[in-house]
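**Q** Chain by chain, the residues run as shown.
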Amino acid sequence: MAESVCRSLRDGALEGELAPDLTIKDSLSSPFGFNVFSHILVQLSSHIVAGKSQSRGMVIVSLSRSPSSYTGLLKMNGVDVESSKKWIHILDCYTDPLGWKDKTRKSGDIMDPSNQILSSYKTVKDVNKLFSVICDLGRGLVGENKSRFCVAIDSLSELLRHSSMQSVASLLSNLRSHDQISSIFGLLHSDLHEERALAAVEYTSSIVASVDPFHHSVDGQGSYIRNSSEPNLTKGKLNIRSKRRNGRVRVTCEEFKVGPSGISFAPVSAVDGAAVAGLIPKVQFNLQLSEKELVDRSRVVLPFEHQGNGKPIQIYDGRRSLEESNNETTPISGGKKEESGRGEIIYFRDSDDEMPDSDEDPDDDLDI
Amino acid sequence: MATTRTRVSSFSHNVSFLKSSQHPGLKNGPNGTTFISSGISDLDKILGGGFSLGSLVMIMEDAEAPHHMLLLRNFMSQGLLHRQPLLYASPSKDPRAFLGTLPSPGSSKDDTSHKPSHEKDLRIAWQYKKYFGEPQLNINTNNGGHHDYCNDLDLRKPLERHFFTSNNVDCVSIQNSPNLDALKDRCAEFLAQFSRNEGSISSAGRIAIQSFCSPQCKYSDMEWHMLSFIRSLKGMARSSNVVVVVTFPPSLLSPSCSKRLQHMADTLLSVRAIPDEDKELAKLLTGYQDMVGLLNVHKVARLNTQVPVILDATTFSIKLQKRRFLVFECLNQAPVDGSGGSSYGNSGVCSRSTKVGPLDF
Numbered sequence: 001m002a003e004s005v006c007r008s009l010r011d012g013a014l015e016g017e018l019a020p021d022l023t024i025k026d027s028l029s030s031p032f033g034f035n036v037f038s039h040i041l042v043q044l045s046s047h048i049v050a051g052k053s054q055s056r057g058m059v060i061v062s063l064s065r066s067p068s069s070y071t072g073l074l075k076m077n078g079v080d081v082e083s084s085k086k087w088i089h090i091l092d093c094y095t096d097p098l099g100w101k102d103k104t105r106k107s108g109d110i111m112d113p114s115n116q117i118l119s120s121y122k123t124v125k126d127v128n129k130l131f132s133v134i135c136d137l138g139r140g141l142v143g144e145n146k147s148r149f150c151v152a153i154d155s156l157s158e159l160l161r162h163s164s165m166q167s168v169a170s171l172l173s174n175l176r177s178h179d180q181i182s183s184i185f186g187l188l189h190s191d192l193h194e195e196r197a198l199a200a201v202e203y204t205s206s207i208v209a210s211v212d213p214f215h216h217s218v219d220g221q222g223s224y225i226r227n228s229s230e231p232n233l234t235k236g237k238l239n240i241r242s243k244r245r246n247g248r249v250r251v252t253c254e255e256f257k258v259g260p261s262g263i264s265f266a267p268v269s270a271v272d273g274a275a276v277a278g279l280i281p282k283v284q285f286n287l288q289l290s291e292k293e294l295v296d297r298s299r300v301v302l303p304f305e306h307q308g309n310g311k312p313i314q315i316y317d318g319r320r321s322l323e324e325s326n327n328e329t330t331p332i333s334g335g336k337k338e339e340s341g342r343g344e345i346i347y348f349r350d351s352d353d354e355m356p357d358s359d360e361d362p363d364d365d366l367d368i
Numbered sequence: 001m002a003t004t005r006t007r008v009s010s011f012s013h014n015v016s017f018l019k020s021s022q023h024p025g026l027k028n029g030p031n032g033t034t035f036i037s038s039g040i041s042d043l044d045k046i047l048g049g050g051f052s053l054g055s056l057v058m059i060m061e062d063a064e065a066p067h068h069m070l071l072l073r074n075f076m077s078q079g080l081l082h083r084q085p086l087l088y089a090s091p092s093k094d095p096r097a098f099l100g101t102l103p104s105p106g107s108s109k110d111d112t113s114h115k116p117s118h119e120k121d122l123r124i125a126w127q128y129k130k131y132f133g134e135p136q137l138n139i140n141t142n143n144g145g146h147h148d149y150c151n152d153l154d155l156r157k158p159l160e161r162h163f164f165t166s167n168n169v170d171c172v173s174i175q176n177s178p179n180l181d182a183l184k185d186r187c188a189e190f191l192a193q194f195s196r197n198e199g200s201i202s203s204a205g206r207i208a209i210q211s212f213c214s215p216q217c218k219y220s221d222m223e224w225h226m227l228s229f230i231r232s233l234k235g236m237a238r239s240s241n242v243v244v245v246v247t248f249p250p251s252l253l254s255p256s257c258s259k260r261l262q263h264m265a266d267t268l269l270s271v272r273a274i275p276d277e278d279k280e281l282a283k284l285l286t287g288y289q290d291m292v293g294l295l296n297v298h299k300v301a302r303l304n305t306q307v308p309v310i311l312d313a314t315t316f317s318i319k320l321q322k323r324r325f326l327v328f329e330c331l332n333q334a335p336v337d338g339s340g341g342s343s344y345g346n347s348g349v350c351s352r353s354t355k356v357g358p359l360d361f
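Chains G and P, in that order, are what the protein sequence lines are.
Quick note on full-length UniProt numbering: the first sequence kicks off at 1 and runs consecutively.
Quick note on full-length UniProt numbering: the second sequence kicks off at 1 and runs consecutively.
If we strip away everything but chain P, and leave its shape as in the complex, we get (with noise of 0.2 Å):
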């Protein structure tokens, strides 16, 4: 009887899918916060509905690996595509040129098509049902362009023009500043369109800075200085209706700094590259081939609640769907044996044995 039940997962959590009647690119929140979409709508669905308003997003870098570009690029493209404003500093001298990449919304119909025919030929037991996704939800963000929460970006196809040539987009290159004050001063100017007021939201906006303690600039040596630029800009953010992206390569940062920087994000996520064509590595997991890196979730902001967030799993592997659509993915590991190493990040492990004995259960 129970079984007919028509339940996607067992365990979810209770987050209104209604949509914010003023703006198709926000969305209610638990404990009265508001979501925008990051770009991406598994990582939409990890962090529990998207970035929240008011939030300092981190994303930690790996040395080898340019990740942290398509998770930027993704979070651009939708602020654009919802008109919302931005700002995006980058190290490179020419930061506009970096626009022409965005990705544009693509025509991915015929990959969500598939899945509700699974539900029809199969009945799964409603416990395995949270394995196969939520196909109900795809279907409501494939209804057209640009009134999606989130859009489904196609990375091979270059956004528009017509979006970032307007004054929505501003442009700011960090390479030449000897210090960050001209950078934080933009940033006051940007937050100060978008103060929080006790009216309802009339929009949103997005700061997006790359690559912050890159080598090249001339204060990636001044950690204090940094650190406080951060300290700032959260507080800033914080009362105002933008959500603030950095990513940062923490293996450049003496490890306090980077430790520093890690706890004043209310999101941090990390990305990390992973060996080529390593049999080890093959062995392990299924679906090696089409995996490109690996996103860590280290944090997921909660604001205006004590309640942190705990995650079924904190580690999925980043695959390039079609080598379009960046989507990420549960590991599906093959069981190794546990003995011989932290798992999860040393932190809440029930049995404390390290040991596999022929007894342990």
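Pulled out of the complex, with its shape left as it was, chain G reads as follows (with noise of 0.2 Å):
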């Protein structure tokens, strides 16, 4: 249930480090971004509620959904949303986040202050702002003591549509080096930045999990013919890229399935070879055989055991011509010979009388 990323937002950040922070980036061949962040946010509340998490609050700062939409997907999965200790709050910059109505009509802006959760942000592009409103409310919730609480951006795509990159970047790491602030995370559709937009929200998070089509292809013909051909609209893969404390980056994949009840994720069942061909510079040599090069190995015949025309060794010796001699050898030959397998080497001496056990030999005995 993307449990790693979870608990590592659930334990939050460590005194003197910067607050864990995920980003959830999805693109339109694989839009569930939103379920993936909403299961997030459902768990981490109910964490809260149960007061197993380090953060006593949070703090939700709802840019494209209407911040009802929130309190019925926590009341929908049963979390408390109304409990008599506070504990969510609801930033609205959905219904008016540029504060066009308040120039329209001549009266304030009408809070409704029977909602306690909810409070309307009207200046989206103000992201300084922003940033002491939300650090505001958390501190509302959770006190001035050493409490933290954390925050859930609803579209950091959002944000950067009506701010710069720069402003969105400084208040992450702001907020990421925050005392008070436990955990991060936000959504983000990468197909509707530049690249340089995503590297810099990437750079600025901790953890990065990436929604991706079920066949997640590396060539840009493949992908374009399956996209079009069948979008796989239930199922996909996740994969995390977290950051470490030691430097590492712990990569993880899960598959996932969107259903009427939710999200469920499994581990994957194909692994996926990473590639890290590009990270080692490539040794020149090979100390192993390929399948093709163990089996021409075995078919080498060894020089000293063939003349390289299939018939035994003939040692010419001048006297007799070869073929008497291949006539004759097998006779002659005698017991020792006739061991040594597939060669044999059959030598005439020059006194053709003598038995070769006589001379004594010792180069007889060999068995080659």
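Watch out, some of these pointers could steer you wrong.
Said to hold, decoys possible - Cross-link-like lysine-lysine pairs, in silico, BS3-like; alpha carbons within 30 Å at most: (1) 125/G x 103/G; (2) 257/G x 279/P; (3) 157/P x 279/P; (4) 279/P x 235/G; (5) 218/P x 129/G; (6) 125/G x 93/P; (7) 292/G x 93/P; (8) 237/G x 218/P; (9) 125/G x 218/P; (10) 125/G x 86/G; (11) 157/P x 146/G; (12) 93/P x 283/P; (13) 218/P x 122/G; (14) 157/P x 237/G; (15) 283/P x 292/G; (16) 93/P x 129/G; (17) 146/G x 93/P; (18) 93/P x 122/G.
I should point out that these hints are in silico values taken from the structure, not numbers from a laboratory.
Given the structure is predicted, the values throughout are model-derived calculations rather than measurements.
Relying on the hints, combine the two individually framed chains into one complex.
**A** Given below as structure tokens:
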């Protein structure tokens, strides 16, 4: 259930370190980012209510969905929003982000005083003010002491639309370095932005979870064909890259399935071969043999075992023709020679009368 | 007969190991240059002595790993130990807080003592001795505290406060400044103290700029402005006795700007993250468990000469020995099929064949 991610957000930040920051990245080919976001939201909320997490409160900055949809979502998943101890606050940047209603109407902003968990925010472009409002709201939830709260940003894409990349990056890094913030998570739609904006957000975040289509192909042509024929509307893959404290990157992959009841995760069935090829330099020699090379090696006949034409070796001694000696070899050769398997060395001495053993030539014992 | 000669390495730079008499932090280098230590003895060895005074060192960061901070910490701390003034600029709101994380020299006498014993127990053929390091150098640098060229810095032990509460250290935050002019003025002021003249070098200075084009800085999309800043900084540094270290994340810049910055560097290093618990990598590399990242040396500064430095190896593994000391080691790789990929950066491969047939040697 994207366990590792939820766990790191739940555990939060250590003293003196930056808070963990999750960015959920999706795209048109697999548009399930909000499902993942809401899943994590619900999980973290239930941890907060149960008191199991470092953060005691949550501030949701809702830019792309109305606040009521969040309260509905939480209620549907059994999380008590209206509890006596106030733990959640939703900053409504959805209804009127740029303050247009105020400009058209002459009256001041109409805030619903009875709604305790909602406050509206009208100047999304002013990111510094957004930062201070988030901090104030959070402090209001958890108090001035060492308690922490977490921040959920509904859509970083919306923020990037309204303000520059620098201000969003500085907002995220300021949030991360704030003493009272336990963790942050936000949603981003990767095909809405330039490479540099995406790279900047990934640079400032500590965990990047990208929602990918189920058959994530590397080459461009393949994905075009697959996507146009049958886009998979329920399943996908979640690739998580989290930056660990020791400087290594943990890469995990999970499959997810979106259904009417929500999203469910499963560990990935087939292991995708990670490309570590680019990291270390290639070495130009090979001590292993491939299959073909093994087969070829077994077929090589060693030089002393053949004369190149498949016949056993004959050393020509000049006195007889080769064919004659061929006929005579088998009776003379004797027991020892026949043991040598495929190869035979027939040796004719100058003095033919002598039996081979009478010379006590130690080389006769050789069994080649 | 030849094997009884104690030769450390058959091919090694003839760098003079004479310490400069004026200052323990300076070392004479080839071609009239002077070196200061980077704070990491392995890196000094790789670079042939250290960072040359007057050079610009650029470190390319990896967006996923903070290893450039390890390099910066050692660099800054070594300078403070040698009482070399430091100017530090960073995009955080309170750069002074970073000084609290600088390492202090550790008592590392135990890990160099076992190296000379190697010499006694094993008689190693001369050409393999170079793989066992140079124990005599280590003994030299462990005499005592602050008078060594390069100290073994313990990353878990913070530097004593008196080193940086003096006026030696100047910190600048570059987060809120709309452009780099203020930083340029501060650097110019700092560099003026160390301008090079005919006489001997009295002291050296260090400038460290961290995460130069970090996205939260307001000038981070003004690429030509950043390039001209680095250019002028390099020009000013060249005529002074200062080493400037700048780290930047190349993934956040446009490729042309990143390439231009890389070309401007005199010494170019890059750090890269490695995946955690990766079975492939564990099979390919021995010592994978202790590694935290990879260091690549792309360029080594060579001032006053046209002869470039060609290193034996350009990729090193970053390890934290006992989780305290930063070391760089050559990679011990399992031989892998070299086909289907470039080796050592697409250049200078002798055999151009990419297929390994049965007759290839």
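**Q** Each hint: holds or not?
**A** Hints and how they fare:
1. 125/G x 103/G: Holds, at about 16 Å.
2. 257/G x 279/P: 27 Å, holds
3. 157/P x 279/P: 33 Å, violated
4. 279/P x 235/G: 27 Å, holds
5. 218/P x 129/G: 17 Å, holds
6. 125/G x 93/P: OK: residue 125/G and residue 93/P at ~22 Å, within 30 Å.
7. 292/G x 93/P: Given pair residue 292/G, residue 93/P is violated - Cα atoms ~62 Å apart, limit 30 Å.
8. 237/G x 218/P: Distance ~36 Å between residue 237/G and residue 218/P Cα, so the pair is violated.
9. 125/G x 218/P: 15 Å, holds
10. 125/G x 86/G: 28 Å, holds
11. 157/P x 146/G: Satisfied, since the Cα-Cα distance of roughly 27 Å is no more than 30 Å.
12. 93/P x 283/P: Status violated; Cα separation ~43 Å.
13. 218/P x 122/G: Roughly 24 Å between the alpha carbons, so the hint for residue 218/P and residue 122/G holds.
14. 157/P x 237/G: Roughly 43 Å separates the two Cα atoms, so the pair is violated.
15. 283/P x 292/G: 23 Å, holds
16. 93/P x 129/G: 17 Å, holds
17. 146/G x 93/P: 21 Å, holds
18. 93/P x 122/G: OK: residue 93/P and residue 122/G at ~27 Å, within 30 Å.
In this structure, the earlier hints numbered 3, 7, 8, 12 and 14 are contradicted, and the remaining ones agree with it.
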